[in-house]
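Input sequences plus hints: build the corresponding full structure.
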Amino acid sequence: MIAPTYRLYVDEVGTDDMGDIENNNNRYLSLTGVAMTIEAAREDLVPKFDWIKNNIFEHDPDYPLIFHRRKIVQRKQAFGVLNDPLKADLFDRAMLRIFRKCDYVVITAMIDKLEASKKFRWREKHPYHYLMQIIVEKFARFLERKKAFGEIMPEGRKGKKDEELQNAYADVRSRGNFYFPAEQICYRIPPKNLKFRYKDNNIAGLQLADLLAHPSHMHIRHVSGHSVNLGNYAQQVAIILVQSKYDRSASGNITGYGIKTLP
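Just so you know, the working numbering puts 161 at position 161 of the sequence shown, and the rest follows in order with no gaps.
Think of the hints as simulated: they come from the structure by calculation, not from any bench. All C-beta atoms, glycine included, are put in the ideal place defined by N, C-alpha and C. Treat each hint with caution, since some may be false.
Straight-line C-alpha distance at most 25 Å; calculated SDA-like pairs for lysine to any residue [stated by the list, open to error]:
(1) K199 with K119
(2) K146 with Q243
(3) K76 with N202
(4) K195 with R70
(5) K195 with V242
(6) K125 with Y179
(7) K161 with K195
(8) K71 with N229
(9) K101 with I56
(10) K195 with T15
(11) K118 with D17
(12) K192 with F149
(13) K199 with H126
(14) K101 with A116
(15) K101 with T15
(16) K147 with M1
(17) K53 with I72
(18) K160 with N26
(19) K101 with N26
The following label-pair restraints were derived from C-beta to C-beta distances [to be verified]:
(20) Y187 with Q243: 30 to 36 Å
(21) H226 with W122: 18 to 24 Å
(22) T5 with V81: 32 to 38 Å
(23) W51 with R75: 19 to 25 Å
(24) D200 with E43: 31 to 37 Å
(25) N232 with N24: 20 to 26 Å
(26) L114 with G256: 43 to 49 Å
(27) V228 with K160: 31 to 37 Å
Okay, here's the thing in structure tokens:
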């Protein structure tokens, strides 16, 4: 039997800037990875996204509609049709059905940059790269349990930032960490390079990661006791993640598997 290949689609919430980190709007950074088999993305997610795009939105077929949470919330461009309450309700129900029914696993790692900055030798670390190394380790451990192999597709930020992230990925592949050795990471995630793609590439998995990353971020802050407004829709997404989508141990423990908070 051929082992399945999972692709981890990665998106971030927050900024890696270490300035003004006393401000709660700048204090927290998270990376969310959505792991799907390539077959599930091609045969299930893409057709379901296409149904929504074709049946709810009036967009130019020569310019693919790309789901982007910020534009959806702000009702920008083609998403202006969601000002119609009936279409907005249909869109929300269709999306929640996809979040519930599609076959994927979510891993979110979040860092409190203010607290991290107080730790010994933290200045040697970069928050985005540090989280990526955590995500790589968690993904490799997930693949180990599944007896599967994987590759990682982040949403690129272009130029030097992509080069630096690639270097951080290469570093964790060469060194491993305390919890998972480099040899096993390289075995479970064979590609030496991250598969950077961008919004205009219209990658369904990256769009799913974009739509789930913010609700996951806010859920983690909420359960950590932060004063945040989760909102009704994000609450519904969070329930789906907790019930069935966050990675978890055999006994059902999500902490340390589907959710990791740092430092």
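Look at the Cβ atoms of H226 and W122 and judge whether their distance stays inside 18 to 24 Å. The hinted range 18 to 24 Å holds for H226 and W122, with Cβ atoms some 21 Å apart.
25 Å Cα cutoff - pair K195, V242: violated (28 Å)
Cβ-Cβ distance between L114 and G256: within 43 to 49 Å? violated (22 Å)
Do the Cβ positions of D200 and E43 conform to the proposed distance bound of 31 to 37 Å? Given a distance of about 24 Å, which is not inside 31 to 37 Å, the answer is violated.
Taking 25 Å as the top limit, are the C-alpha atoms of K160 and N26 close enough? holds (22 Å)
Straight-line Cα separation of K147 and M1 no greater than 25 Å? holds (11 Å)
Do the alpha carbons of K195 and R70 lie within 25 Å of each other, as the hint requires? The given pair, whose Cα atoms are some 24 Å apart, holds under the 25 Å limit.
Within a Cα-Cα threshold of 25 Å, do K101 and N26 meet the stated pairing? Between K101 and N26 the Cα gap is close to 33 Å, so the pair fails against 25 Å, i.e. violated.
Between W51 and R75, does the C-beta distance stay in 19 to 25 Å? The hint (19 to 25 Å, Cβ to Cβ) holds, given that W51 and R75 are roughly 21 Å apart.
Below or equal to 25 Å on CA atoms is what counts here, so check K101 against T15. violated (31 Å)
Going straight from one Cα to the other, do K161 and K195 come out at no more than 25 Å? holds (14 Å)
Is the Cα-Cα distance between K199 and K119 25 Å or less? Not OK: K199 and K119 at ~35 Å, beyond 25 Å, violated.
Hint compliance for this structure: hints 1, 5, 14, 15, 19, 24 and 26 are not met, and every other hint is.
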